[in-house]
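Student: Residue-level listing of the chains:
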Amino acid sequence: MDFALSEEQEMFRSMFRDFSTKEIAPYVEELDHAEKPPLDALRKAARQGFLGATVPEEYGGAGLDPLSYALLIETLAGDCMSTAITLATHVSLVAMPILAHGTDAQKEDWLPRLCSGEAIGAFALTEPDAGSDTSRLHTRAIVEGDEVLLEGVKTWVANGEIAGLFLVFARGEAGHEAFLVPRDAPGLTVGYREPTLGLRCVTFNTLYLEGCRIPLSNRLGGPGDGGRIAQEAQDLMAIALAAAGLGVAESALQVAAKYATERVQFGVPIAQKQAIQNYVAGAMIETEALRYLVYHAAWLVEQGKDISFDASIVKAFGARVARSVTNRMLQVMGGYGYMEDYPLARKYRDARALHIIGGPTEWHDFRIARHIFAGLDLAIAP
Amino acid sequence: MDFTFSPEHRALRRMIREFVENEIAPLAAELDRTHRVPFETMRKLGEVGLLGVCFPQEYGGMGAGEIGYCILMEELNRVCTSTGTNVGAHIGIGAMAIYLDGNEEQKRKYLTPLARGEKIAAFGLTESGAGSDAAAIRTRAVREGDSWILDGGKVFITNGGYADIVTVMAVTDPALGARGGVTAFIVETQWPGFKVAREEDKMGIRGTSTAEIVFEELRVPHENVLGKVGEGFITFMKALDMGRLTLGAACIGGAEMALESAVRWAKTRKQFGVALAHKQAVQWMIANMATEIEALRSLVYRVAWMVDTGQPFTQLAAMCKLYGSEVASRAIDMALQIHGGLGFTRDFPIERGFRDARIGEIYEGTSEVQRIVIASNIFREHGVRIRP
Amino acid sequence: MRAIVVLGRVLDPAGIVVNRRAGRIFVNREEYILPPADRCALEAAMRIKDATGCEVIALPRALFPDDDVLRQALAIGADRAIYLSGRGPDCADDAFMASVLAAAIRQLGGADLVLTGATTLDTGWTQLGPRLAEILDWPQILDAWQVEVQDSMTVVQAVVPADGGYALAEADLPALVTIAAGALKLRYPNGVRLINVYRGIGAVAEALERWEWQTLLEERPTPVLERRGQEFPPERERGVRVSGSAAEMARAVAGALRQRLGR
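Protein chains in written order, with our numbering: chain A, 1 to 382; chain B, 1 to 388; chain C, 1 to 263.
It should be emphasised that the hints constitute simulated quantities derived from the structure, not laboratory data. There may be inaccurate statements among the hints.
In silico DSS-like pairs for lysine-lysine, Cα to Cα no more than 25 angstroms straight-line [unchecked claim]:
| # | chain 1 | residue 1 | chain 2 | residue 2 |
| --- | --- | --- | --- | --- |
| 1 | A | LYS44 | A | LYS22 |
| 2 | B | LYS44 | B | LYS109 |
| 3 | C | LYS185 | B | LYS44 |
| 4 | B | LYS228 | B | LYS109 |
| 5 | C | LYS49 | B | LYS44 |
| 6 | A | LYS107 | A | LYS305 |
Counterexamples of contact, computed for chain B against chain A with all Cβ distances above 10 angstroms [said to hold, decoys possible]:
| # | residue |
| --- | --- |
| 7 | ARG14 |
| 8 | PRO56 |
| 9 | LYS202 |
| 10 | ARG355 |
| 11 | GLU361 |
Just so you know, even glycine gets a beta-carbon here, dropped at the ideal spot from N, CA and C.
Using the sequences and the hints, build the whole thing.
Tutor: Next up, the structure:
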């Protein structure tokens, strides 16, 4: 066993930090207030190759290993969780499935454009009546000759507003299927953007597919592969989300701990108070536990192991840690924590998203339990 | 023992429920969105007598006691935490300080228009360097003939941006500190030297004014000293005790709203072929919410009864606020989780409730300060005096 | 001038659950409210009081076990309220109550105007107003949306629905007017009056009187209804969705009705 980052990973991390401090941190507050997608940051991230973080260099990506990618998301989320989630959606939920399941033509067509930021990727799985229960989608895919007709409505499409490419899941003859739908496809309309509690720079939109016709060659994978593609992508995303949770928890701890050394009450800095010490110690323990869970999951990906079980563990734990750490750190900052002029309020609102996006924690708890009971020869239903 | 509400309190709740449903609930989302203080609601509340709910009728109040006031806070916060906060700062601490320690003349002159809602009150305690640590107060008051000259400022003052009357705590004898050296004053905001410096941008309770106020050579006549010179700390702590109890009541309302919507949604929303109500994870959340709300309700109204019957309640008031804010935060968090994505959008009141609820653990003394109050009371009974 | 307002009470619908399968109404919260139409009648009376300074007296629409509705009326602003106590017949219907109320009004020394809700929320009874007007031999205006008393205090004017629009009805006083639910924007009780009337202190509490209804009449009036039991109304059937042009939809609706009626 070796828990140290490689020299290369250390180098990447300091590069990510420089980038984030310079290109993201100064604009976060303004962007969050205006609820604007971080387009400028994405453009600059593209120049660094971050938009193709784990995509091989032959397609214009940066060819990062999974752990370095986790470090990237963690670092970005420390300054702006919205930017981290926007980028992770693009990489883990769109670029990676194309890399894994795309034909050569599809890869050559889309990956360079995704890596360069010419097209941002969006993931369209959730439907009004299908939240965690995506076992039966209502969006239909009807094959007509060498074309496919898509009909349906998708909700909570992350990156919807800024995307050039949508990975759309629909029910076909043989089961669920995945399709690469360019934004200019006829019959595709990006609709209502959800005004959200946190992650206010991520655009979550409704997507209407009305008589949306695309070539059959835009199908990702074979007939009936959609379910598996969606699950793999979500498992990868689960790790990225947990990494984002790690980033937001770490940074909240840093901000609040510094505040505790400066804020004087009853004649001493509040850092001298046991209640505050208890808060920061608890936060540190949880954050460190999460760190190694995230890095371990990234290592599993690197090793090419099945991550379906670990992805749920890391996501469920990440959501809990992010929530509880930001909550307690807000408490350390007292009234200032509640003010939008200080970063804790935003971090707290953002962190709450992790219990919901990428499958609510209850769903991941179920998947973990299902794995445990499967080992004891009992199948459980959701 | 009798745990039922009296007929007048039942009738009062019915009246308040009708009022808040018609006059306040329809505004709640807009107030939050546009960051607007609902002056018109304050005026209407005053017209029907609710802003004087707990004050005696001789001072323009309704005379419904602390139980009546708790009912008001519970019902207000069921539909709009912002309005509840405005009312709480006005009655619960602002006007309350004058009611508790004001002399007859001060009550006639100030409490009566406050109880009728003709004027709005705020409570000026917190400073940038002094939150719950009252001994660290920097605002100075210097005697000059029949007057006192105030210099300094206060931050995070609810209603501060538009109040007519602010009860202010200032240092009158730096040598004596919190015990003996600070004095409470009744300040009219129209007096020269009073200035509103800025409005805060908050995560929640956005329909309230949280302002920084500044005093520059503000001349206060000696007759506006509230209570005795040097005993301002005691006056303010008494007002805060009352405030804490009613914040507990406010939390019942917020938590109830969360439970009601969670139950409604769990009945309707289907996943995996059944309503969420049939999922044990959801059932546990609902059961926990309901249990905690009932425990909180019993605690709050028992303490309100103690206030109305003249029993000591400081430690219990801190418990009301501590437990109430945590129950409300947990309840709204679970309700948000049950609502899933819908709970995360600002199109649904749950999202607003989530942001609003979080202030409960912070204002009028953080949860940590409440624990200090509770622990120091307990240890004092055992002969140990603890320093915060 | 004197206006009488007759008020009932119903279980708060928000506190009950109707369970057809169990054949029962479950009362989760036994809380009574003024029925919406009666509440509007009280509001109409208060507006006339605001305009003319008349006296407003509240009477109960039935022999209630407590005087809660009357206290509510006093809190809202009625000048007097008379609680009618004593045991009534098993089914104290509108006919019975109209006689009792007529006697009470006589006992009060008469009145110029009686206002009450056009219909109750629970039983759906609508006859109290018309029957009371018959006994008093007064003109009546039913289902009004607005009521005004002329300056001369001799005529009442009311806006009533007619042919899809509204008509202005007029009657010489004394008269009886029933008010529709939802007709008026309601005022809230006055806080001080509310607390005092329920606590039983001050003038507002003294304005609540208690009369034995039997002492008002020589002869016990007979109800016209007899209670034989109770059951739910038949369950509403699923509707039929019609589509097409207006003419086609009209034909479809007419056809469905004919079929239902067997013609």
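Student: Next, verify each hint and record whether it holds.
Tutor: Results of checking the hints against the structure:
no.	hint	result
1	LYS44(A) / LYS22(A)	11 angstroms, holds
2	LYS44(B) / LYS109(B)	21 angstroms, holds
3	LYS185(C) / LYS44(B)	15 angstroms, holds
4	LYS228(B) / LYS109(B)	18 angstroms, holds
5	LYS49(C) / LYS44(B)	21 angstroms, holds
6	LYS107(A) / LYS305(A)	23 angstroms, holds
7	ARG14	34 angstroms, holds
8	PRO56	33 angstroms, holds
9	LYS202	6 angstroms, violated
10	ARG355	7 angstroms, violated
11	GLU361	6 angstroms, violated
Violation of the numbered hints given earlier is confined to hints 9, 10 and 11; the remaining hints are satisfied by the structure.
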